[in-house]
Amino acid sequence: MSYQAVMSRRNEIMKASVGIDYNTYEYGLLAFDYEKMMKEAGYSLEEIKQIQSANGVGNTPLKVCKNITTLVRSVSKPGFGARIFIKDEALNDSGSFKARRASIACYHAKTLGFKGVIAATSGNYGAAVASQAAKYGLKCIIVQECYDSRGIGQPEIIEKARACEAYGAEVIQLSVGPELFYVFLKLLEETKYFNASLYTPFGISGVETLGSELIEDCLSLTGSFPDMVVVTNAGGGNLTGTARGIAKVTSKPITIVGASVNLKGLHMASDTDFNKKSFTTGHTGFGIPFMTYPDRSDVPRSAARPLRYIDKYVTVTQGEVFFMTETLVALEGIERGPAGNVSLAAAFHLAQSLEQDKIVIVQETEYTGAGKHHQAQLSFAKANGIDVYFGNPKDEVPGKSIVLPSHPSLIQTEELDLNYLKQSCIKHQLKPGTLSMDDLAYLASEVREDVAYVEHTIEILKAK
Amino acid sequence: MIPKHTWVQIRKVVLDASHRAPNIPEDTKQVPLVMWVKGYLEHDAKIGDEVTIRTLTNRFETGTLMCANPVFTHNYGDFVIENLKIASMVKTIVFGGDLHE
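Chains A and B, in that order, are what the protein sequence lines are.
The opening residue of the first sequence carries number 137 in our numbering; numbering runs sequentially from there.
The opening residue of the second sequence carries number 32 in our numbering; numbering runs sequentially from there.
Think of the hints as simulated: they come from the structure by calculation, not from any bench.
Treat the hints with caution; some may be incorrect.
[What the hints assert, rightly or not] Computed cross-link-like contacts, DSSO-like style, restricted to lysine-lysine with a CA-CA straight-line distance of at most 27 Å: (1) A:494 with A:384; (2) B:43 with A:518; (3) A:412 with B:77; (4) A:412 with B:116; (5) B:77 with B:35; (6) B:60 with A:202; (7) A:275 with B:60; (8) A:328 with A:246; (9) B:116 with A:494; (10) A:530 with B:122; (11) A:518 with A:172; (12) A:412 with B:35; (13) B:116 with A:536; (14) A:328 with A:448; (15) A:322 with B:122; (16) B:116 with A:199; (17) A:598 with A:172; (18) A:536 with A:563; (19) A:328 with A:275; (20) B:122 with A:213; (21) B:116 with A:322; (22) A:494 with A:199; (23) A:494 with A:400; (24) B:35 with A:536; (25) A:328 with B:60; (26) A:213 with B:60; (27) B:116 with A:202; (28) A:213 with A:598; (29) A:448 with A:199; (30) B:60 with A:400; (31) A:518 with A:448; (32) B:116 with A:530; (33) A:518 with B:116; (34) A:448 with A:388; (35) A:400 with A:172; (36) B:122 with A:199; (37) B:122 with A:275; (38) A:185 with A:412.
Note that the coordinates shown come from a computational prediction; the quantities given were computed from them, not determined experimentally.
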């Protein structure tokens with residue numbers, strides 16, 4: 137079966153493997169009813185809570201980071217430096233918040249009578265699906281991009297393969313390239329298993345409990361609502377689900393910040409760049425493309441649509457995240473994986489702009505271990521010729537250097553232009569033909585703006 | 032000789048360089064898309080032989096036999112002195128400089 141032959145059957149394979157007919161939600165020239173899809177194809181918050189609590193997922197502790205807050209205040213203006221709390225998601229079965237997504241996908245697969253589940257992921261989601269599949273006696277295949285053409289594996293991804301195998305999954309490891317999707321489609325067709333995609337309504341609604349819990353936890357610990365929630369952003373599902381969950385329990389305005397590691401200049405499909413990056417997720421290489429075109433994912437209509445919810449999008453450097461990962465161990469006695477600490481590094485800077493009575497929640501951690509540990513990653517970077525040194529993180533060049541801040545005051549987020557990302561999101565979704573009012577209203581909801589904004593953006597795009 | 036039913040790892044070229052997807056970077060286009068998968072060996076074979084395996088999901092895959100009883104060897108990496116320096120720096124700021132004296 138050739139690459140083209142399999143890819144041309146993509147939609148029919150997908151329809152059979154997720155049990156959703158996406159066409160029923162589509163209307164107009166390009167619009168689709170996102171909320172209807174989430175309502176009909178997903179689960180209610182109450183149902184999700186029950187499924188998760190019966191399967192080792194959720195109700196993770198929210199912990200105050202007292203000493204990191206002191207460190208924040210040591211570099212803030214007088215009176216500034218919000219309190220930082222961290223939701224210790226590493227304590228879910230399989231060690232990350234991804235268990236929330238996998239729990240609903242696997243429950244749904246079992247309910248529909250599928251014999252097994254497949255997920256294409258090099259990240260924690262693989263272990264999460266394998267762990268949840270084990271609970272239901274479902275077969276499980278995880279497809280991951282793992283090695284460069286020299287056969288050298290990213291240690292973090294190798295660790296995830298180990299975890300997947302430990303939970304009983306069959307792991308298909310591939311060299312670098314987007315044709316992973318071709319292998320994935322062939323496996324779906326061959327096995328008739330459920331596509332436990334990260335981007336179905338099940339995968340996203342599973343994260344909503346993270347949003348509702350962190351509000352409830354914060355109220356019970358402090359008596360107050362959080363002022364800001366910082367979310368590590370890659371494919372957009374973490375941010376989308378968390379924001380939706382927050383909105384289900386409070387209408388209070390809470391600033392939702394997305395944070396990604398800046399990997400500017402490294403190509404995600406490049407064989408030679410593959411092992412020059414120290415983060416395999418939570419980075420701009422996923423964050424920006426998925427934000428500006430959510431439907432690039434492995435389902436026809438992604439349920440992860442972060443521009444509908446995000447208030448601010450910032451980047452941090454690899455060096456800053458490694459620094460904060462070590463700081464979390466050194467000051468709070470919590471040893472966790474670096475990729476889960478992207479939002480912590482961002483929160484460290486963002487908290488400095490808020491007064492001391494304000495609350496910032498870092499909404500995840502992930503487990504650490506061989507391969508994933510920041511020592512393993514820094515060591516691997518050095519072995520791949522990356523220059524690791526103390527200095528100003530602003531000087532870091534992804535793929536060439538990792539600059540550890542020589543002082544915590546040098547940790548500084550960079551804010552991305554949301555307006556530019558919104559315009560790009562509209563541009564990616566435009567099709568030839570006449571847009572109806574429905575289409576314009578849909579595009580407006582995609583970027584949380586009004587129809588006039590969409591019309592103005594289209595004028596700008598035409599002029600270009 | 033590795034006996035039938037041994038747990039092994041195989042390597043298989045899924046797409047050779049000339050059949051790779053359009054629109055991928057030049058460096059990636061120069062090399063094949065390769066797959067590694069584990070399973071039970073269907074027949075006696077030597078390392079380097081073309082073999083068939085039965086995977087955990089009862090699928091059959093063919094490819095080059097790479098190794099028997101494959102293990103993971105990833106670890107915590109070489110010692111990285113920078114982590115000690117970070118820990119010392121932030122502890123000094125928060126708790127004072129005499130913590131380790």
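Status of each hint after checking the structure:
no.	hint	in the structure
1	A:494 with A:384	holds, 22 Å
2	B:43 with A:518	violated, 30 Å
3	A:412 with B:77	violated, 35 Å
4	A:412 with B:116	holds, 24 Å
5	B:77 with B:35	holds, 11 Å
6	B:60 with A:202	violated, 50 Å
7	A:275 with B:60	violated, 33 Å
8	A:328 with A:246	holds, 13 Å
9	B:116 with A:494	violated, 31 Å
10	A:530 with B:122	holds, 24 Å
11	A:518 with A:172	violated, 49 Å
12	A:412 with B:35	violated, 39 Å
13	B:116 with A:536	holds, 22 Å
14	A:328 with A:448	violated, 40 Å
15	A:322 with B:122	violated, 53 Å
16	B:116 with A:199	holds, 25 Å
17	A:598 with A:172	violated, 31 Å
18	A:536 with A:563	violated, 32 Å
19	A:328 with A:275	holds, 11 Å
20	B:122 with A:213	holds, 20 Å
21	B:116 with A:322	violated, 49 Å
22	A:494 with A:199	holds, 16 Å
23	A:494 with A:400	violated, 32 Å
24	B:35 with A:536	violated, 47 Å
25	A:328 with B:60	violated, 30 Å
26	A:213 with B:60	violated, 52 Å
27	B:116 with A:202	holds, 21 Å
28	A:213 with A:598	violated, 46 Å
29	A:448 with A:199	holds, 24 Å
30	B:60 with A:400	holds, 21 Å
31	A:518 with A:448	violated, 33 Å
32	B:116 with A:530	holds, 20 Å
33	A:518 with B:116	holds, 17 Å
34	A:448 with A:388	holds, 17 Å
35	A:400 with A:172	violated, 36 Å
36	B:122 with A:199	holds, 19 Å
37	B:122 with A:275	violated, 47 Å
38	A:185 with A:412	violated, 40 Å
This entry does not satisfy hints 2, 3, 6, 7, 9, 11, 12, 14, 15, 17, 18, 21, 23, 24, 25, 26, 28, 31, 35, 37 and 38, going by the numbered hints stated previously.
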